[in-house]
Each structure stands twice: as C-alpha cells, then as structure tokens.
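In order, the protein sequences belong to chains A and B. Just so you know, we're using this note's numbering here: the first sequence kicks off at 73 and counts up by one. Just so you know, we're using this note's numbering here: the second sequence kicks off at 102 and counts up by one.
These aren't lab readings, by the way, just hints derived from the structure by calculation. Keep in mind that a hint or two might mislead.
Unchecked claim - Short, incomplete list of chain B residues facing chain A, as computed with Cβ under 7 Å: (1) Ile104; (2) Val110; (3) Ala323; (4) Pro361; (5) Tyr425.
Claimed, not checked - Below are the EDC-like pairs computed for lysine to aspartate or glutamate, each with C-alpha atoms no more than 16 Å apart in a straight line: (6) B:Lys465 - B:Glu567; (7) A:Lys244 - B:Asp569; (8) A:Lys463 - B:Glu399; (9) B:Lys105 - A:Glu203; (10) A:Lys244 - B:Glu399.
Beta carbons are placed, not taken as given, at the ideal position from N, Cα and C, and that holds for glycine.
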Amino acid sequence: MNDRFEIPASLKRTSMALILIGIITLVAGAITLLGSADIHDKTRFWVILLQNSVYFLLITVVSIFIQAAAALAQGSWIVAYRRVPEAIGANVWVFSLIAVVVMFLIVFTFNINGHNPVYPWVNPAGDKILEGKSSFLNPKMFVGFTLVTVILWSFFGRKFRSLSLAQENAPKNSTKIYWQFFRLAGVFLLVYALTQMSTTPWFWTMSTQPHWYSTMFSWYTFASAFVSGMSVILLWVVYLKNQGNLELVTKEHMHDLGKFMFAFSIFWTYLWFDQYMLIWYSNQPEETVYFKLRQQGSYSVLFYANIVINFVMPILILMTRPSKRNYFTVTFMAMIIIFGHWVDFYQAIIPGPLGSHWHLGWYEMGTFALFVGILIFTVSRTLASASLVPKNNILLKESIVHLS
Amino acid sequence: MHIKYESFVREPLVNGDKTYHQVTEDIIGPIEKKPGRMWYIGFFFSVALLCFGIFSVTWAVYWGLGTWGVNRTIGWGWDITNFVWWVGIGHAGTLISAILLLFRQGWRTGVNRAAEAMTIFAVMCAGQFPIFHMGRVWDGFFVLPYPNTRGPLWPNFNSPLLWDVFAISTYFTVSLLFWYSGLIPDFATIRDRAKTKFRKLAYGVASFGWTGSVKNWQRHEALALVLAGLSTPLVLSVHTIVSFDFATSVIPGWHTTIFPPYFVAGAIFSGFAMVNTLLVISRKILHLEDYITIGHLEAMNKVIVLTGSIVGVAYLTELFIAWYSGAYGEQQAFKWRIMGPYWWSYWAMMTCNVVSPQLFWVKKLRRNIPFTFIMSIVVNIGMWFERFVIIVTSLYRDWIPGSWAYYSPTWPEVGFYLGTFGLFFTCYFLFAKYFPIVAVAEIKFVLKTSGDNYKRGMETIEAQSEEDFIHEVETHHAHA
Numbered sequence: 073m074n075d076r077f078e079i080p081a082s083l084k085r086t087s088m089a090l091i092l093i094g095i096i097t098l099v100a101g102a103i104t105l106l107g108s109a110d111i112h113d114k115t116r117f118w119v120i121l122l123q124n125s126v127y128f129l130l131i132t133v134v135s136i137f138i139q140a141a142a143a144l145a146q147g148s149w150i151v152a153y154r155r156v157p158e159a160i161g162a163n164v165w166v167f168s169l170i171a172v173v174v175m176f177l178i179v180f181t182f183n184i185n186g187h188n189p190v191y192p193w194v195n196p197a198g199d200k201i202l203e204g205k206s207s208f209l210n211p212k213m214f215v216g217f218t219l220v221t222v223i224l225w226s227f228f229g230r231k232f233r234s235l236s237l238a239q240e241n242a243p244k245n246s247t248k249i250y251w252q253f254f255r256l257a258g259v260f261l262l263v264y265a266l267t268q269m270s271t272t273p274w275f276w277t278m279s280t281q282p283h284w285y286s287t288m289f290s291w292y293t294f295a296s297a298f299v300s301g302m303s304v305i306l307l308w309v310v311y312l313k314n315q316g317n318l319e320l321v322t323k324e325h326m327h328d329l330g331k332f333m334f335a336f337s338i339f340w341t342y343l344w345f346d347q348y349m350l351i352w353y354s355n356q357p358e359e360t361v362y363f364k365l366r367q368q369g370s371y372s373v374l375f376y377a378n379i380v381i382n383f384v385m386p387i388l389i390l391m392t393r394p395s396k397r398n399y400f401t402v403t404f405m406a407m408i409i410i411f412g413h414w415v416d417f418y419q420a421i422i423p424g425p426l427g428s429h430w431h432l433g434w435y436e437m438g439t440f441a442l443f444v445g446i447l448i449f450t451v452s453r454t455l456a457s458a459s460l461v462p463k464n465n466i467l468l469k470e471s472i473v474h475l476s
Numbered sequence: 102m103h104i105k106y107e108s109f110v111r112e113p114l115v116n117g118d119k120t121y122h123q124v125t126e127d128i129i130g131p132i133e134k135k136p137g138r139m140w141y142i143g144f145f146f147s148v149a150l151l152c153f154g155i156f157s158v159t160w161a162v163y164w165g166l167g168t169w170g171v172n173r174t175i176g177w178g179w180d181i182t183n184f185v186w187w188v189g190i191g192h193a194g195t196l197i198s199a200i201l202l203l204f205r206q207g208w209r210t211g212v213n214r215a216a217e218a219m220t221i222f223a224v225m226c227a228g229q230f231p232i233f234h235m236g237r238v239w240d241g242f243f244v245l246p247y248p249n250t251r252g253p254l255w256p257n258f259n260s261p262l263l264w265d266v267f268a269i270s271t272y273f274t275v276s277l278l279f280w281y282s283g284l285i286p287d288f289a290t291i292r293d294r295a296k297t298k299f300r301k302l303a304y305g306v307a308s309f310g311w312t313g314s315v316k317n318w319q320r321h322e323a324l325a326l327v328l329a330g331l332s333t334p335l336v337l338s339v340h341t342i343v344s345f346d347f348a349t350s351v352i353p354g355w356h357t358t359i360f361p362p363y364f365v366a367g368a369i370f371s372g373f374a375m376v377n378t379l380l381v382i383s384r385k386i387l388h389l390e391d392y393i394t395i396g397h398l399e400a401m402n403k404v405i406v407l408t409g410s411i412v413g414v415a416y417l418t419e420l421f422i423a424w425y426s427g428a429y430g431e432q433q434a435f436k437w438r439i440m441g442p443y444w445w446s447y448w449a450m451m452t453c454n455v456v457s458p459q460l461f462w463v464k465k466l467r468r469n470i471p472f473t474f475i476m477s478i479v480v481n482i483g484m485w486f487e488r489f490v491i492i493v494t495s496l497y498r499d500w501i502p503g504s505w506a507y508y509s510p511t512w513p514e515v516g517f518y519l520g521t522f523g524l525f526f527t528c529y530f531l532f533a534k535y536f537p538i539v540a541v542a543e544i545k546f547v548l549k550t551s552g553d554n555y556k557r558g559m560e561t562i563e564a565q566s567e568e569d570f571i572h573e574v575e576t577h578h579a580h581a
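Produce the complete structure using the sequences and hints provided.
If you want it as structure tokens, here you go:
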C-alpha cells in the first residue's frame, strides 16, 4: 500500500508561485492602496485582508469540527481519508496567527481622523448606538475573545492529529485513544458552539456594520464556512488519489463528500432565506439597512450571484447520484463552492466599510492567491510528514467496506 | 455479497442469540395474545381523558371562546402553546425515519416505528388547537383555498398562518405514507402467521397483497428512499413555518431571525424526549429490551444533549442580541420575560431545556433508565414552557402600558389540553396492541451485521491485520 505522500515538485512550485504572487500583491497594495490619499483605498487594503484571513481561518477550522462530529457520531465513513482533515486542522494555528495579526492591526493602527472605517466601534464617541454597545464592542473584549478562540482552535487542531498518529503505535484494538478522542471531541463541540456558532462572527464580521444585528448571523456564517470547508477536504482527497495515494478511498467515500456539499449547500440556502425573508417581511429600517445596501445598488450583482453560485448550481448539478460519484463533477463543484462562499464572505464584510467603492481586481485576486498558496504549502507538508493511512484505527476496517 | 462486518467498538443493536424466526416471535407475539391488565387500565384511562377533552371543547364551542382565559392583550395562550408543543413533538419520527436513514444510522431500526407512530398522533393532537381556536369552527373550511362561492374572498396567502395549514397537512400526509409503507411487510408477516380468519383477512387487506418477492422488496426500498428524500426538507419546513407565525411579526421577542433553525432544533429535542418516554415503558411492558437496548436510549440521549445545547446557544444569542440591538422594545421585552410577573416560566424553561440536559454529558446518566425517563419528562415540561414564554411573555407587556395584562387558563383550556393527551395515548395504546412497535423487517436487515451473536463471530476479522483484511475483501468481491 502506498501510504506515504511525497510532495511533488509541481505542487511545491505551485504553492510557492501563489505565495509569491500574494506577497507581491501585498507589497503593491501597501504602496498603492495603503499609501494612497484616498480613504477608500486604505480601507480596501485592510478589509480585503480581513475577509480572506477570516474566511480561510473559518473554513480550515471546519476540518477540526468534522473530526469532532464524526468522532462523537462514531462515523467510520471519514476514516479512510481522515489524515486530510487532520492535516488541515493541524495548520489552523497558521491561519489563526495571520487573522490575529490582521485584525489587531486593523483595530489598533487603522485610524483616519479619529475614525476606523473597518471597525467603526473602535471610536464610538458621538454615536449613541455604538456607545450603547461599547461594553461589548471594545478593543479589550475583542482581543480577549479573539485570543481565547484562536488558541483553543489551534490547540484542538494539533491535539486531534497527534492523538490520531499516536493510535498507529498503540496496541492492536486498544480503544484507549479512541475514547480519549471521543471525550475531547465533546469538549471541542462546546468550544465551537461558544465561538464560531455565536461570539466569533459577531466580533470579526458582523461588527464591520455595527449598527446592524441579526440573531441568525453566526449560524449563517457557520453554514457558509462548513460547506466550503468540506469542499476543501474533497479537493485534497481527489488530489491525493490522483497522486496514487489513498487507495482505500473509493467512490463510496467520494459520494459521502458529495452529499455533504449538496445537503449543506441547501442548508446554507435555508438559513440565507430565513434571514432574508424575515427581515424583508417585517421591514424594519434598522434591519433592512443590511439588505438594502446589498440588493439595491452596486452590490446587486454579487447579491444575485451568491444565490446562483451557492444554491442553484449545487442543487442542479449535485442532485443525482452519478454526479456525486464522478470525480470531475465533484472537483468542479468543490471549486465553485469555495469560490462562491468566498464571494458570500465578501458581500457580508465589504459593503459596510467600503460602501459603493468596491472592486474585484488584482488586489482581491492576489490576496486570495496568497491564502490558497499558504494552504497548499502548509497542508502538503503536514500530509507528507506521516502515513496517509490511519493504521490501527479502530474503525479503519469498517471504512474499507463502507457503502455510501 | 458484501462482507458483513461491524467494529467491536459498537455495541450490538440486537441483544441475545436471535435468529430471523426468533425476531418475528418476539415482536409479533404480543400482537397475537390478549393484552395484559395494564393495557386495559391505561387504555380506559386514556379514553376517559379523551372524553373529558371532548366535553371541554364542546363547552368552549357552545358558549364561545369567552370561556377561555385569553384576552385582548394576550390573544394566544394555552391553545397556541399546546399547538406548537405537540407539533414540535411530532418532529422526531420523521427525523429518525428520514434523516437518520439518509445518514445510514443502523440504530434507527429499533426505534423508528414507534417514533413515526408518535409523530402522527402528535400532529393529530396539534391540529386540534388552531381549529378550535378559530371560535366559529363551522367556518373552518375558509382556510381552504378553492374557487368558492364567497366572491373574491380568498384566504390571505401572505399569512404564515395559512402556510401552516399547507405545511402541516403536507407533513402529516407524507409521514403517514412513510409509516404505512414501512408497515406493509410486517403486516404481511402477521397475516402469514394468522390463526383466525378475521385476522388473516384484516392484515391481508392492510398488507396490500405483499408477497415478499424480490420485486416487492426492490420497490419497497426505492419508495423508502424517495419518501426519505421528500421528508427531509419537511422536517425542517414544518417548524420553520410555525416559527414564521411569530417571527414575521414586529413584536419584540417574536421577531428574530434565528427562530426557524432554533425552532427545528427545539422540536427535535422535544420529539426525542417523547420517544424516550414512550419507549422506556413500551420496551418493558412488551419485553422488547433486546431490540430497544440501553444503547438505543443512549443514542437518543446524545441527540437530546446536542439539540438541548443548540437551543441553549439560541436562547443566549436571542438574549444577547436583544441587548446588543440597542432597540428599546427588544430590551424591555426580555427584561419583562426574565424579571416580570412570569419570571418563573422563563427560569423553568432555562432549567429544563438548557441546564438539566447537560447532565447527559455523563455516560453513566445517559445509560441510566430511570434517569432517562425522568429527563424525558423534564425536557417536555421545559419545551412547553418555552412556547409559553415565547407566546405569553412577549404579549403581556404591550406597547401601551394601559393594556398590560395577565393571563391564566380556565378549565376548558386545561381540559382541552388534557383531552389531547387522551387522544394521543388512546391512539398509542391501540397502535401498541395491533401494530408491531418495532420494525420487524428492518431489524432483520441489520441483524447479521449488528446482532450480538453475529458480532461475536466477527472476532476473527478483528484479529486480522489490515493488509489481510483488505486482501480478503478483494477476493470476496472477485468471487461475488
């Protein structure tokens, strides 16, 4: 069995090239955008970095979440390729570090005449609504919540992988680590509920438009991140299979991942519809302001593209059984979904700070490339550092005979 | 044939040395015998409650809804609280039969039949409340949209109350079909064993001439998947639309975007609790402990702690955003909920739904039957209070302090609620007597992978190295 992954030179080159493009973009952005006299240029520099760092952090954390969920449900379907979510989860600390640096720089250094265009709540004086929220929305709380969140996520990401690797050398059929993992998975789920499912999106993204509020927002963000995170896992699995690894992964396993992409695209749409419909129906100005900015005016193209890419395409293309068992279709759809939810994060985060002065240009694409490059670079190194087959895993044999 | 293998780390779904025949004997046997004394006592008590319910409703219809405690400020009271409560309970069955089928959860086979039956009875109970809440119930057919003799008068299609009519009737229909189609092979089994002519005829008619041929089974399984696909969105849509009844309004405490998914989570929470209530008793009385094992109850309890925690996150989110919004009305609504004259209902809800289910993180408690039973009741008390809190404590402090009011139910309202318990348990007792409460055919389907005696035979596979196992799977496939 070919259970070791050696990073092909082409993959290394690709990731290095993407990172290089990203760094050049960043430097160029710092000179032309941050150095510009225009407030909107400066804001664009920061807010795009914010959108990408939050998006990539949240979709990589999904890999930790799915390991925890599968452990608690005692799912064996994931075991054949569990090294992939493990490797992504083990690199959550990298994306955490980037996100923390970006966010703290925005909070503490971005200031235009006493105003912070990305996080207006940093200077609440004179704004009655923001003053009312200042016991929650303030730099100290932001730093505290953020640090606790990313430290916990990074810890669990690395812990899950090390536990899974330790099982390889455990006595045969010993369930000690299995149950230890099970218990930790429960703890992680609680952590996840109190961070990603509630407080984290309030601080990191909802507060870019701090007058507006929606109780659904964090769950909505979760759904968006989850379906993209599963797509990232799928892309890695397909890639590794093409390299001749992961021989135990069959169409049955691909079918599962396809079902996740299909079902949770619809779940995302369900939450999208609930939030939109309830705000539209009750038509209260303090709530409709959010959709008015997005649906009417310069963002409308993104507003409708969001639905087409993230709902219409998945439901039509992934509906049938053969399409979920076809490598080309699922790979194509995974890329579409990752891009689509990147757009979803874009239209959630950008309109507040930038208003109608938005661009989808070299800077946005270059920054995206930077993060993709980092993801490929770090995850491939982790994948190469251990066996791709979780030998001695209690559920491995079940995963071998798994039927979707 | 596929290799029948399941990891030793899973506990068996069927305990004891069971053969296919023994499974039939154990589950069909009680139907062929006369019911015990406990059954008669329970059944007649239920019918008595039902009669009292009918009396209470007749009273309210005859004298008018003035006999109820609802008033101008608090126009929805126990009636709608009970409606939402019952409809919520009616979510577990379809979740178990549809979503757990799609997720390939083998343990659903032990509990799905009873859960589906419970769903249908609960939805029947739920339906009574909006109907009799209409007051002039003889005009109830006005909710049906058909070209009519009332001129241009149509139901208001913009109203979530009308969407409820569609959502619930669709849900009821599909759940009934799902339940019944699963019963067909089991009815045929009873027919084939029948000793009396009448029984043979009745179950023969009920089983639609099922012969058990390969074609029969193929179509049966295809139908189950199609119905599962149809029911999965229905599990979400029903309680989503019930939540719209509140959330589309502009009433503080009702209008909040998280309502739809949080109502669905709460519905599953209460439904699973009700399934546990029924199964803990049924397995004991009908001696089905080998089929509805402690492992099954534990799995149900895990879902309860999961959904209870989701609901908990939603409660705290609601509370936090009410403050965060800076909207005066929102902040006041939640202040009055927590600290107003109805404070006890809010804290009962919090305790029963969020705090006490957390005890299920402890494995010993998840597997403790008396504790499971008590918790299943506690959860449903909590879920009743949740609806009471949402409905009554959002209404009783109106925009105008002059119309602030208090509300207590009168005896016809309480009688109506008790009457639905009568209806529910009357149906359940009849079901437990005449229908197999565990799906015989589906148990047989998992028996050879998850049955205790078969799992003991898998020790050789467990001892194999992974390479040998892979080799065996490959040769096995080559021969198949």
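Structure-based check of each hint:
1. Of the supplied interface hints, the one on B:Ile104 holds, with its beta-carbon coming within about 5 Å of a beta-carbon of chain A, less than 7 Å.
2. Because the beta carbon of B:Val110 sits about 5 Å from the nearest beta carbon in chain A, less than 7 Å, this interface hint is met.
3. With a cut of 7 Å, the hint placing B:Ala323 at the interface with chain A is violated, because the nearest CB-to-CB distance is about 12 Å.
4. At its closest, the beta carbon of B:Pro361 sits 4 Å from a beta carbon of chain A; the interface hint therefore holds under the 7 Å criterion.
5. About 6 Å separates the beta-carbon of B:Tyr425 from the nearest beta-carbon of chain A, less than 7 Å, and the hint is met.
6. Using a Cα cut-off of 16 Å, the hinted pair B:Lys465 and B:Glu567 is violated, with the two alpha carbons roughly 33 Å apart.
7. Between A:Lys244 and B:Asp569 the alpha-carbon distance is near 14 Å, which keeps this suggested pair within the 16 Å criterion.
8. With a C-alpha separation of about 29 Å, the suggested pair A:Lys463 and B:Glu399 falls outside the 16 Å cut-off, and the hint is violated.
9. For the hint linking B:Lys105 to A:Glu203, the alpha-carbon distance of about 64 Å lies beyond 16 Å, and the restraint is violated.
10. The straight-line distance between the Cα atoms of A:Lys244 and B:Glu399 is roughly 27 Å, outside the 16 Å bound, and the hint therefore fails.
Figure legend: structure checked against the earlier numbered hints; hints not met, in rising order: 3, 6, 8, 9 and 10.
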